[in-house]
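J.: Take a look at the letters that make up each chain.
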Amino acid sequence: MIRIRELNFTYNGTERPALNKINLTIEDGHFVLLTGASGGGKSTLCRVFNGLVPHFYGGKISGKAEVQGMDILKTPPKELATKVGMVFQDPENQLVTTDVEREIAFGLENLGYPKNLIARRIEEALDTAGIAHLRFARNNELSGGEKQKVAIASVLALHPEILVLDEPTSELDPQSAEEVLRLLERLNDELGLTVILIEQRLDRVVHLVDRMLVMGGGEILADGRPAEVMNGNIAGLGIGLPPVIRLMRELKSHNAALNGLPLTVKDARLRLQKVLQNVKTSAFADAGASLEPVLNIDKVWFAYGERAVLKNINLNIGRGEFIAVMGRNASGKTTLVKQLNGLLKPTKGRVRLGGVDTRKSTAADLSRRVGYVFQNPNDHLFADTVEDEIAFSLRNRGVDETKITKAVEGMLEEFELGRYRKSYPRNLSGGEKQRVALASVLVGQPEVIVLDEPTRGMDYVLKKKLVSYLDDYRRKGNTVIMVSHDVETIAECAERVVLLSEGRVVVEGNKREVLAKALLFSPQINRLAQALSGYGVADTTLTVGEMLEQIG
Amino acid sequence: MPELSYRDKNTVIHALSPLVKLAWGGGLVVLSLIFNHPVYILILFLSIIPMVRLAGVGREWASTLKFTIWLGLSIIVINALFSYHGDHVLLTAPFRLPAVGQPVITLEAIAFGAVMALKLVVIISVFSLINLTVHPDDIMAVLLKMRLPYKSVLVTSLSTRFVPCLVEDMGRISDGYRTRGVQLDAGGWFKKLRNRGKITLSLLSNSLDRAVQVAEAMEARAFGSGKKRVFYKEISISRLDAAALGVGLLPLAAGITVRVMGYGDYQYYPELASIGGGTIEWALPAIMLLLLAAVVPLAFLKRRVELD
Numbered sequence: 001m002i003r004i005r006e007l008n009f010t011y012n013g014t015e016r017p018a019l020n021k022i023n024l025t026i027e028d029g030h031f032v033l034l035t036g037a038s039g040g041g042k043s044t045l046c047r048v049f050n051g052l053v054p055h056f057y058g059g060k061i062s063g064k065a066e067v068q069g070m071d072i073l074k075t076p077p078k079e080l081a082t083k084v085g086m087v088f089q090d091p092e093n094q095l096v097t098t099d100v101e102r103e104i105a106f107g108l109e110n111l112g113y114p115k116n117l118i119a120r121r122i123e124e125a126l127d128t129a130g131i132a133h134l135r136f137a138r139n140n141e142l143s144g145g146e147k148q149k150v151a152i153a154s155v156l157a158l159h160p161e162i163l164v165l166d167e168p169t170s171e172l173d174p175q176s177a178e179e180v181l182r183l184l185e186r187l188n189d190e191l192g193l194t195v196i197l198i199e200q201r202l203d204r205v206v207h208l209v210d211r212m213l214v215m216g217g218g219e220i221l222a223d224g225r226p227a228e229v230m231n232g233n234i235a236g237l238g239i240g241l242p243p244v245i246r247l248m249r250e251l252k253s254h255n256a257a258l259n260g261l262p263l264t265v266k267d268a269r270l271r272l273q274k275v276l277q278n279v280k281t282s283a284f285a286d287a288g289a290s291l292e293p294v295l296n297i298d299k300v301w302f303a304y305g306e307r308a309v310l311k312n313i314n315l316n317i318g319r320g321e322f323i324a325v326m327g328r329n330a331s332g333k334t335t336l337v338k339q340l341n342g343l344l345k346p347t348k349g350r351v352r353l354g355g356v357d358t359r360k361s362t363a364a365d366l367s368r369r370v371g372y373v374f375q376n377p378n379d380h381l382f383a384d385t386v387e388d389e390i391a392f393s394l395r396n397r398g399v400d401e402t403k404i405t406k407a408v409e410g411m412l413e414e415f416e417l418g419r420y421r422k423s424y425p426r427n428l429s430g431g432e433k434q435r436v437a438l439a440s441v442l443v444g445q446p447e448v449i450v451l452d453e454p455t456r457g458m459d460y461v462l463k464k465k466l467v468s469y470l471d472d473y474r475r476k477g478n479t480v481i482m483v484s485h486d487v488e489t490i491a492e493c494a495e496r497v498v499l500l501s502e503g504r505v506v507v508e509g510n511k512r513e514v515l516a517k518a519l520l521f522s523p524q525i526n527r528l529a530q531a532l533s534g535y536g537v538a539d540t541t542l543t544v545g546e547m548l549e550q551i552g
Numbered sequence: 553m554p555e556l557s558y559r560d561k562n563t564v565i566h567a568l569s570p571l572v573k574l575a576w577g578g579g580l581v582v583l584s585l586i587f588n589h590p591v592y593i594l595i596l597f598l599s600i601i602p603m604v605r606l607a608g609v610g611r612e613w614a615s616t617l618k619f620t621i622w623l624g625l626s627i628i629v630i631n632a633l634f635s636y637h638g639d640h641v642l643l644t645a646p647f648r649l650p651a652v653g654q655p656v657i658t659l660e661a662i663a664f665g666a667v668m669a670l671k672l673v674v675i676i677s678v679f680s681l682i683n684l685t686v687h688p689d690d691i692m693a694v695l696l697k698m699r700l701p702y703k704s705v706l707v708t709s710l711s712t713r714f715v716p717c718l719v720e721d722m723g724r725i726s727d728g729y730r731t732r733g734v735q736l737d738a739g740g741w742f743k744k745l746r747n748r749g750k751i752t753l754s755l756l757s758n759s760l761d762r763a764v765q766v767a768e769a770m771e772a773r774a775f776g777s778g779k780k781r782v783f784y785k786e787i788s789i790s791r792l793d794a795a796a797l798g799v800g801l802l803p804l805a806a807g808i809t810v811r812v813m814g815y816g817d818y819q820y821y822p823e824l825a826s827i828g829g830g831t832i833e834w835a836l837p838a839i840m841l842l843l844l845a846a847v848v849p850l851a852f853l854k855r856r857v858e859l860d
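Residue numbers (my numbering), protein chains in the order written: chain A, 1 to 552; chain B, 553 to 860.
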């Protein structure tokens, strides 16, 4: 059991408390979801459970915190390791050795367990995590999902009573994320392990957990069963409800026959089937393809050494379009978009930007016309202050200082970064860094903006702001190209979807043609619409708004 | 640069104790440094070939050789251009240099450069063979067996483990600069140096972040728990391994003895000495070759014992 009373914690060098008067009890065997806006204190609270806060990080702490009867404030993490296992966000930076078997043995070796016991625990952990086939695999050859499973196995081997996971799926593709979550469900269900999971994508987990905690500003803002929390007043909690729940909340507000809140598409379907009547047929008016081409990808092949990653890609992208590029991991998405700004040049074929062959320019030259936002904001941050970071590319072009100051001020205001103008960019939180990265690229007003997985690990509020900004940017006549796995965001904002597989475009067209009726890449609302098509609901419905038009 | 990381393969060389391979390889490196005689250096080189073939890493080794040959050629060329010793002048420059006189290219300087290049080939081949056939964690286990402090060995092992991440980080950060309009490879050397310096700072910052995360993950898994650490995959030395280790070290011991006896040296200047000599001058290299190759039958024997 975890018991926390009046806990306050402030990191060294900061004024604002990261945890403020936390009172919390978590019973054994529960599956608890911890969510909320970035910088709200979720990761800090999780690190209290195994003593990393305060023992590893330092800082001012007061109040009481106990885990399985041990006083956390007096017990260092190494002594809590057999009580609380912790899995971190980045699969790369938590693996210490070079192969799977040694990785699992690492903690057991540290505890000085006898070799025969270590051997037994390795077997158990490999089987429990379902990775026995990876036993002798090298860590650097594993996929992100496999690495997370190895990390889970390596803490399971210590036989913890509580498993804490800090956004373990945020760096994974949807299939890998699904596998990791299924494993957690099994650990909680069959072994009775207490699981505490930080997660932003509620649609993935709300149906799995017993309890949902929402944090913000270092406090617990909401606590209860998921359906209760999401049925209540969520304004100000900084969480994004899954589309199917948003839909049901809307419908419930004027349909007394709908009770409770469904957590899955199936549950929603069964409830709606009972009350569905007066469905209005709706024809969705999607924006047509732009006639003015800006990018032309002509028979492009690209290979790393002898391995072909792009195979005969043909695409025309018009001015003012919002295009989403989807596909499994390693399907060639990032390699494709890196062709657009000259970071990579085709091995065969041509990419033309406004009629000019990209092979004749450098990436630095093309950056004036094509902005590129990397997945990891750290890859953008070089300067000493936020305002210098935003001004960087303009200064590099030799733009007049008065114009730079005006442009920087505009970006600071647009992305709500004014209070951080003198801060060191790398010291900011993940969401704040993401905003600085975006501002530093968009300040140059490129006519094409490419974003590689911009919403991965982003909280709901930030995601909403980003989508709204990109939509405005597109309406000004610019082109937005976004690589993403986030099918719900794509359904809301993209017009055209390109689906890649094994380096080839397998489907390309209007988002409705690609996302509706798809098995894997369809949004929640479309899965519901498909099931309700017999009642007159259009099976091409993609968003909550479209569904409400028909059945609201 | 060719890929030189360990690949698990089911070969007799991979199955050989890492201690034996390290002793054999280390011996070869020392011998290539203490011998100057071309016959001995050639023998050292030849002894690597069966090991490479049996380990099934011929392709990787060949790609290393391609890279090393360029280095070797540059050693020969530089030595020929700047070492004016030797009586057999092959080419004389039509000008004089202050303090040096008239530059000449001599047969002796080329021969000396060629043997130095072959030494380099031997050393790089040994390193690639060890890299390709010894698991990095086994190297760590061997160092622990040699009673080196665990924390120092772990830090070394972690640094090696994160080298590929560092290379990836560098690529991404360079791309980050390019997409913000920086021509990394344009301008004078000072500008290039300044640009590269910026990348190094970002790289350092990323590495520090990574170090904190790794430390956190280790702490959460009871690192430094105060209990006596157990090594699950400790290198165990069977009698056969001990014998193989002895055989692995034998060439080194024999080589040192040969050098102490005054053999294995060679005179390049002012003119090349005769390669041949008496029976002992030919017998000693032949014995060295046999000793160096003795590790091969032992590897087969070990496999056979394991299968039995």
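FYI, nobody ran anything at the bench for these hints, they're computed from the structure.
The beta carbon of each residue, even a glycine, is placed where N, CA and C say it ideally should be.
Misleading hints may appear alongside valid ones.
In silico lysine-lysine, PhoX-like type, Cα no more than 20 Å apart, as pairs [unchecked claim]: (1) B:LYS697 x B:LYS561; (2) A:LYS266 x A:LYS74; (3) A:LYS299 x A:LYS345; (4) A:LYS74 x B:LYS779; (5) A:LYS115 x B:LYS780; (6) A:LYS252 x A:LYS299; (7) A:LYS403 x A:LYS345; (8) A:LYS348 x A:LYS360; (9) B:LYS779 x A:LYS338; (10) A:LYS115 x B:LYS697; (11) A:LYS299 x A:LYS338; (12) A:LYS115 x B:LYS561; (13) A:LYS252 x A:LYS274; (14) A:LYS266 x A:LYS299; (15) A:LYS360 x A:LYS299.
Computed Cβ-Cβ distance ranges for the label pairs, DEER-style [unchecked claim]: (16) B:TRP622 x A:GLY13: 26 to 32 Å; (17) A:GLU185 x B:PHE679: 58 to 64 Å; (18) B:LEU594 x A:ARG397: 56 to 62 Å.
Only part of the chain A face toward chain B is listed, based on derived beta-carbon distances under 7 Å [said to hold, decoys possible]: (19) PHE56; (20) GLN94; (21) ASN110; (22) ASN296; (23) PHE392; (24) LYS422; (25) SER423.
J.: All hints, please: hold or fail.
T.: Here is how each hint holds up against the structure:
1. Straight-line distance between C-alpha atoms of LYS697 (chain B) and LYS561 (chain B) comes to about 24 Å, which puts the hinted pair past the 20 Å bound.
2. For the hint pairing LYS266 (chain A) with LYS74 (chain A), the CA-to-CA distance comes to about 47 Å; that exceeds 20 Å, so the pair is violated.
3. Annotation: proposed proximity of LYS299 (chain A) to LYS345 (chain A) holds, straight-line Cα distance about 13 Å (limit 20 Å).
4. Under the criterion of a C-alpha separation no larger than 20 Å, the hint pairing LYS74 (chain A) with LYS779 (chain B) is consistent with the structure, at around 18 Å.
5. About 13 Å separates the Cα atoms of LYS115 (chain A) and LYS780 (chain B), which keeps this hinted pair within 20 Å; it holds.
6. Between LYS252 (chain A) and LYS299 (chain A) the alpha-carbon distance is near 51 Å, which puts this suggested pair outside the 20 Å criterion.
7. Proposed proximity of LYS403 (chain A) and LYS345 (chain A) is contradicted: the alpha carbons are some 33 Å apart, above 20 Å.
8. At most 20 Å may separate the alpha-carbon atoms for a hinted pair to count; LYS348 (chain A) and LYS360 (chain A) meet this at roughly 14 Å.
9. Simply put, LYS779 (chain B) and LYS338 (chain A) have alpha-carbon atoms about 50 Å apart, too far for the 20 Å limit, and the pair is violated.
10. The straight-line distance between the Cα atoms of LYS115 (chain A) and LYS697 (chain B) is roughly 17 Å, inside the 20 Å bound, and the hint therefore holds.
11. A threshold of 20 Å between alpha carbons decides the hint, and for LYS299 (chain A) with LYS338 (chain A) the separation of about 16 Å falls inside it, so the pair holds.
12. Our distance criterion of 20 Å between C-alpha atoms is broken by LYS115 (chain A) and LYS561 (chain B), whose separation comes to about 26 Å.
13. With a CA separation close to 13 Å, the supplied pair LYS252 (chain A) and LYS274 (chain A) stays within the 20 Å bound.
14. In summary, the hint linking LYS266 (chain A) to LYS299 (chain A) is not supported, as the alpha carbons are separated by about 43 Å, beyond the 20 Å threshold.
15. Annotation: proposed proximity of LYS360 (chain A) to LYS299 (chain A) holds, straight-line Cα distance about 17 Å (limit 20 Å).
16. Checked against the given bound of 26 to 32 Å, the beta carbons of TRP622 (chain B) and GLY13 (chain A), roughly 51 Å apart, lie outside it.
17. Against the hinted window of 58 to 64 Å, the Cβ-Cβ separation of GLU185 (chain A) and PHE679 (chain B) comes to about 48 Å, which falls outside the hint.
18. The beta-carbon spacing between LEU594 (chain B) and ARG397 (chain A), approximately 59 Å, falls within the hinted interval of 56 to 62 Å.
19. With 7 Å as the threshold, the beta carbon of PHE56 (chain A) comes within range of chain B, its nearest partner Cβ sitting at about 6 Å, so the hint holds.
20. Among the interface hints, the one on GLN94 (chain A) holds; its C-beta lies about 4 Å from the nearest C-beta in chain B, closer than the 7 Å criterion.
21. Checking ASN110 (chain A) against chain B: minimum C-beta separation of about 4 Å stays under 7 Å; hint holds.
22. The criterion of a C-beta within 7 Å of any C-beta in chain B is not met by ASN296 (chain A), whose closest approach is roughly 21 Å, and the hint is violated.
23. The closest approach between the C-beta of PHE392 (chain A) and any C-beta of chain B is roughly 6 Å, which is under the 7 Å cut-off, so the hint is satisfied.
24. Restraint check, LYS422 (chain A) versus chain B: the minimum CB separation of about 18 Å is more than 7 Å; hint violated.
25. Checking SER423 (chain A) against chain B by beta carbon gives a least distance of about 15 Å; that is not within 7 Å, so the hint is violated.
Hint violations for this structure: numbers 1, 2, 6, 7, 9, 12, 14, 16, 17, 22, 24 and 25, all remaining hints satisfied.
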